[in-house]
Amino acid sequence: MRVEIAGESALIIYFGEHGQPGVAAAVARAASLLRDELGYRLIDLVPSYASLLVLYDPFRTDHLEVRHLIGKVLKRSEEATEQEAGRLVTLPVYYGEDAGYDLTSLAERVGLTPEEVVELHQQGEYRVYAMGFAPGFAYLGDVDERIACPRLATPRKRVPRGAVGIADRQTAIYPAVSPGGWNLIGRCPKRMFDPDAEPPSPVQVGDRVRFEAISRDEFFALGGSLDDE
Amino acid sequence: MNDMTRTGFKVRQPGLMTLIQDAGRFGQHHLGLTTGGPLDPDAFYWANRLCGNDTGSTCLEVSFGGLVLEAQVATRIAVTGANMPLKLNGREQECWRSHAVQPGDLVELGYATQGCRAYLAVAGGFQIPQQFGSTATVVREGIGGLHGSKLGPEDFLPCEASTTSDLWVLPEAERPEYGREVRLRVIPGYQQDHFDAVQQALFYSSEYTTTERSDRMGYRLEGQVVKADIEGILSEGICLGAIQVPADGQPIILLNDRQTIGGYPKLGSVFSPDLARLAQLTQGARVWFEKTGIDEAHNQLWLSRLRRERIQLLPA
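Heads up: the sequence lines are chains H and F, in that order. Its first residue numbered 1, the first sequence is counted upward by one per residue in the numbering used here. Its first residue numbered 1001, the second sequence is counted upward by one per residue in the numbering used here.
No wet-lab data here; the hints were simulated from the structure. Ideal Cβ positions, reconstructed from N, Cα and C, are used throughout, including at glycine. Accuracy of the hints is not assured; some may be wrong.
Some residues of chain F that are not near chain H, with every Cβ distance over 12 Å (derived) [to be verified]:
#1 G1052
#2 L1167
#3 Q1199
If you want the footprint, here are the derived chain H segments under chain F, 3+ residues with CB under 8 Å [what the hints assert, rightly or not]:
#4 10-20
#5 55-68
#6 129-137
#7 196-205
The calculated DSSO-like cross-link candidates involving lysine-lysine, where the alpha carbons are at most 30 Å apart (straight line), are [as the list claims (entries may be wrong)]:
#8 K1150(F) / K1010(F)
#9 K1150(F) / K190(H)
#10 K1150(F) / K1227(F)
#11 K157(H) / K1150(F)
#12 K1150(F) / K1087(F)
Whole structure, please, built from the sequences with the hints as guidance.
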């Protein structure tokens, strides 16, 4: 664990290497403990993969005090047991050519059938490593090596809302229409970001996610739409 | 509700990019929401103070100019920041002071001649519903403001009538000058160790030019190439002012609407008062970097806050 200066009122904590066991859980745990410990001194926290950015109010504290509090909290967090492994969230996905434009081409690129790609995608249990890029965009990993596939050479100008994509060993659901270069294999009918809902996003960093294959009819019954919007 | 029964300002001409902004949206990074807020918080502060407002009240950030509003309320307004010719009913008026407006008055902001962001405040602030605790508009996210985007031609900006408050002016000596060059003080940090001594020396001794690829997300600079000894990093949180260096070696200074995480190596972050000056630059201006320390930066923040609070407005 190492703490570096990021900016005039920001420190960043590095927890180790991505993929190292326990790192993602340690990031989520530290975020929750620091939120309480820093209290009124805290502006915001950005957990991501193997790091935690701590933004503090420079008129209420300084980097020395924040470093001290980080040290204190992390010591306590190391002593805690590994029991908080994050909530398990199941998200429905309709996998199909009409919902996942790249399912066939991805299958060809990795030398599997589309059915095998779907099977491997929904067999995995994923960790929410980070939220970013857009509101509600959750970076999930790691997908099975056999279906890992680089981004499209030319990103799409419009990826529809709910599209489920794969990029390298990551997978994600596009919460809103946006440009994007991930390989699309299906659609999730559940809204990943709804400003009027509480919570606005069904997942948070540190959660575990499973995908559950649903039929076309179930997809529509759950409010899904295959329009490109 | 019918516009005639509401008090506020009718947008006659929205300008090139006018955004509703308060101090910014905080505590929402875990959802992937960025902060937004005024690119020049100093000018934003003065606009509000000249109207007797809380300093985080909702204003308009007018980039480049071209805004025309029609008052449907009796109130006070103030315009600060970039030099944009202000007219009330066709008559030129001074910026950096508050003015009384009456229903039917036309408020016009021309195009900036110096700087590029002006702030228009109204007494009591514009009354805009908050989203995630803030009215700040972030167009990329479709969040904040009236409809998550820049001001449109038929928009209506509600505010309450205010005719009793005094009119104020900021002494001329206290008004900033927006030139065409800015020194950017840097707090070294993040992946600075991945830039060797030669690369750092090049970076801190070279001049850069602002490019047209600059917006509320960040300013892309052009000049001496600097190289890290790594191509990318595991995506991590990005703070305001972070200096990101992509593979082409041309630095990008990240601003209020930046994405919250990213995977390019970073040299550190620009000191925030200098970001306010950077954001007033248009394409082709000159910037250079100078190292500072976190303790020095912290002291400067306190000093400038105390100094600013002590400045007395004069009756207009």
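Outcome of the hint check:
1. The non-interface label for G1052(F) is consistent with chain H: the shortest C-beta to C-beta separation is roughly 23 Å, beyond 12 Å.
2. Every CB of chain H lies more than 12 Å from the CB of L1167(F), the least distance being 30 Å, so the non-interface label holds.
3. At roughly 18 Å from the closest C-beta of chain H, the C-beta of Q1199(F) stays outside 12 Å, upholding its exclusion from the interface.
4. Judged by the Cβ-Cβ criterion of 8 Å, the segment 10-20 of chain H is covered by chain F as claimed, because 3 of its residues qualify and three suffice.
5. Residues of the segment 55-68 of chain H with a Cβ under 8 Å from some Cβ of chain F number 5, which satisfies the need for three, so the listed coverage holds.
6. Interface restraint, the segment 129-137 of chain H with chain F: holds (8 residues with C-beta to C-beta distance below 8 Å; minimum three).
7. Requiring three or more residues with a Cβ within less than 8 Å of a Cβ of chain F, the coverage given for the segment 196-205 of chain H holds, as 4 such residues are present.
8. At roughly 15 Å between alpha-carbon atoms, K1150(F) and K1010(F) fall within 30 Å of each other, so this suggested pair holds.
9. Taking the CA atoms of K1150(F) and K190(H), the gap is near 29 Å; set against the 30 Å cutoff, the hint holds.
10. Of the supplied pair hints, the one linking K1150(F) and K1227(F) is violated, its CA atoms being roughly 37 Å apart against a limit of 30 Å.
11. Pair hint K157(H) plus K1150(F) holds up; C-alpha atoms about 21 Å apart against a cutoff of 30 Å.
12. With a C-alpha separation of about 22 Å, the suggested pair K1150(F) and K1087(F) falls inside the 30 Å cut-off, and the hint holds.
Hint 10 alone, counting from the list given before, is not met by this structure.
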